[in-house]
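Line by line, the protein sequences are chains V and Y.
Take this note's numbering: the last position of the first sequence gets the number 74, and nothing is skipped along the way.
Take this note's numbering: the last position of the second sequence gets the number 1458, and nothing is skipped along the way.
Pairs of lysine to aspartate or glutamate residues, derived as DMTMM-like cross-links and limited to a Cα-Cα distance of at most 25 Å, are as follows:
1. K1090/Y <-> D32/V
2. K1135/Y <-> E54/V
3. K1135/Y <-> E53/V
Heads up, incomplete: computed chain V residues facing chain Y, CB under 10 Å, no partners named:
4. A19
5. S20
6. N29
7. W35
8. F37
9. M55
These aren't lab readings, by the way, just hints derived from the structure by calculation.
In this text, a Cβ means the ideal position worked out from N, Cα and C, and glycines have one as well.
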Amino acid sequence: MSGVINVRDLAVGARLMLASGAEVEIVSNPRDGVWLFARYLSSPDDPALAGVEEMIFAQDVVQVRPCGEGQRQP
Amino acid sequence: MHGAGGYQPGLVDLASGLVSREIFVNEDIYAQEQQQVFARSWLFVGHESQIPNPGDFFASRMGEESVILCRDRVGAVHVFLNSCRHRGMKVCRYDDGNATVFTCPYHGWSYATDGALVGVPFFREAYHGELDRTKYRLVEVAQLCSYKGTVWANWDAAAPPFLEYLGEFRRFLDLILDGWDGREAQAEVLGGVQKWIIPCNWKFPAENFSGDTYHNISHRSVDLVGAGPSGRSRRDYGELQASRRLHVAIPDRGHQTITYVLPKDHVPQPAYQNSPEVAEYFRHCEEERRRRPNPNSRLIGAPGEIFPNVALLPRQPRTLAVWHPKSAHETEVWRFFFVDRDAPRAVKNFLRDYYIRYSGPAGMTEQDDMENWNYAHAASRGVIARRYPYTYEMGMGHAVENWEWDGYQLPGRVVDLTKAQASEEPMRNLYRRWAQFMEAESWGDLMAWRRNNAQAAE
Chain V
1 MSGVINVRDL AVGARLMLAS GAEVEIVSNP RDGVWLFARY LSSPDDPALA
51 GVEEMIFAQD VVQVRPCGEG QRQP
Chain Y
1001 MHGAGGYQPG LVDLASGLVS REIFVNEDIY AQEQQQVFAR SWLFVGHESQ
1051 IPNPGDFFAS RMGEESVILC RDRVGAVHVF LNSCRHRGMK VCRYDDGNAT
1101 VFTCPYHGWS YATDGALVGV PFFREAYHGE LDRTKYRLVE VAQLCSYKGT
1151 VWANWDAAAP PFLEYLGEFR RFLDLILDGW DGREAQAEVL GGVQKWIIPC
1201 NWKFPAENFS GDTYHNISHR SVDLVGAGPS GRSRRDYGEL QASRRLHVAI
1251 PDRGHQTITY VLPKDHVPQP AYQNSPEVAE YFRHCEEERR RRPNPNSRLI
1301 GAPGEIFPNV ALLPRQPRTL AVWHPKSAHE TEVWRFFFVD RDAPRAVKNF
1351 LRDYYIRYSG PAGMTEQDDM ENWNYAHAAS RGVIARRYPY TYEMGMGHAV
1401 ENWEWDGYQL PGRVVDLTKA QASEEPMRNL YRRWAQFMEA ESWGDLMAWR
1451 RNNAQAAE
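Work out the full structure: start from the sequences and follow the hints.
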C-alpha cells in the first residue's frame, strides 16, 4: 500500500490531522478525492479557527486520528 | 460567390435565390459564425426535468463550448462555462449526476453549484490568503430563461429576452412543451439524450428541419416499411387529409416550420391502433385538447427550426434536436425526446420504441437524412464544386402575410403547401437571418421589429 490517504473513503465524523498541526472533523465529503468539508477542532497556528468550517484539501491531510469513529472500513 | 478569407455580403443572395456553398464548407466562415451567431443567439441547453434536485447537473453545450446546467443548493438554475478559471480544465467531466462541488482535477480549484470559487489549494500557504476568490467564479451565461421547463441561455447581455427572440414562433414550441391534452407545460425528457457526430456542416440539418418537404422522396423506403406507430407510413396523420398544410416563416427572427391547421369542429381520427391502451390514451387527449380554449388546439406540429440550431418535431416523434457545431465539416447532434410526464407507463414505453425507430442515429428516417447531408457536404467541398451556388428559388414571391382559413389566422409569411407541395420560403428565411447575424455588429442591428414597432407607434 502507498500509505496515501484516500479521502474518498473518509466518512462524516472522522477526525484528521493536517500538515499545519490542526485537527479537524469531517462534516461532509463530496467524494471527489480532492476536498473535504470539515470543522476545525484545534489549530496551533491560528487558534481562532477552532469551530470554523472550511474546505480541506486532500494533500493537507496527513493522518486519520485513531479515535475517529467514522472512517469507512475497506 | 467566393468566400476566400471568410464571410462577405453576397454569399447569401436572396434577390436571385442563390446561396454560396462557401457558407457550408469554408473554415474561416465557420470560425466567424462561432462569434457572430452562436455567441449571440439564444441556445437550448436542457430541460429542468433533467435536474430536479439541488446539486443535479447536466453537462451540455452552447456552440462549441462545454457548459454545465445545474441546480444549486437553494434550487436556482444556472448555466456555467465548463472551464476552470485557473487553467481552463473542465471542472465537470460527467454527462450528468449530482454534486456538492465541481472540482477541477488539474490543480484542485473547486466551485459550488452557484458558481462560487470555494476551494483553492494552499490558499493560505501559496497565495498567502491574498487571492480574491470572488473574482474567479465560474463564468455564467449573460442571460438564462426557463420556459415551460426548457432552459435556454445566451452569452450576450444585449440580446432581447428569450420570448421576444422567439416572437410569434412561441406557439410552435408550445406544441412540444404543452400536454397532448392541451394543458400547459406537461413535457418531460424521456430517457437519455441521444448524441452522435455526423460529417456535415450544422446548417444542413438546420435547413432540412426548417421545413424541407421537397425531400420526402428520400424517406420513401420508410413509408413502404411502415415505421409509423400503427405500422403504416411514418406517422399516424389521418387528420391531415382534412387540414391545410403550410410553411410558416417568422421574418426578422429566422424561425420557421411546417404546420397543419385543422378545420373547425374536426373530429379526432383513430391512431396508435397497434396498442389499445395507447390508442385510448391519445383519443382521450385529443378530445380534451379540442375542449380547451387554446389557439393551438387547431394546430398540428411538424418539423421546424428555432434559429440557429434547434430543431423541433412536436408530434410523432416529439423531440428537440440541437445541431452543435463541431467544425466546418462536423456536427454533433443531441436529440431529446419528450413525453407528457403523467402519461401511463405503457404509453411512455410505446413512444420510446417508436421515437428511436424514427429518430436518432439508429432511427430509420434520420438515417435517410444523414445520408443526404453527409454526401451533399462532401460533394460541396472541392474547389470546382464551390464555384456553383445552391438554388433556393422555389416559390419566390408566393408567400402571403395575414394568412387566414376557416376562421383561423397565422402570423408570419405563409405558403399553403396543400396544393404547392413544397416551397423554399423557410430556407430563405433561415439564411436571411444567418446573413444578418454575420453582418451585424451588435444586437442593435438585429432587432428590426423594435424599430418597426417604434415607427408604427409614431
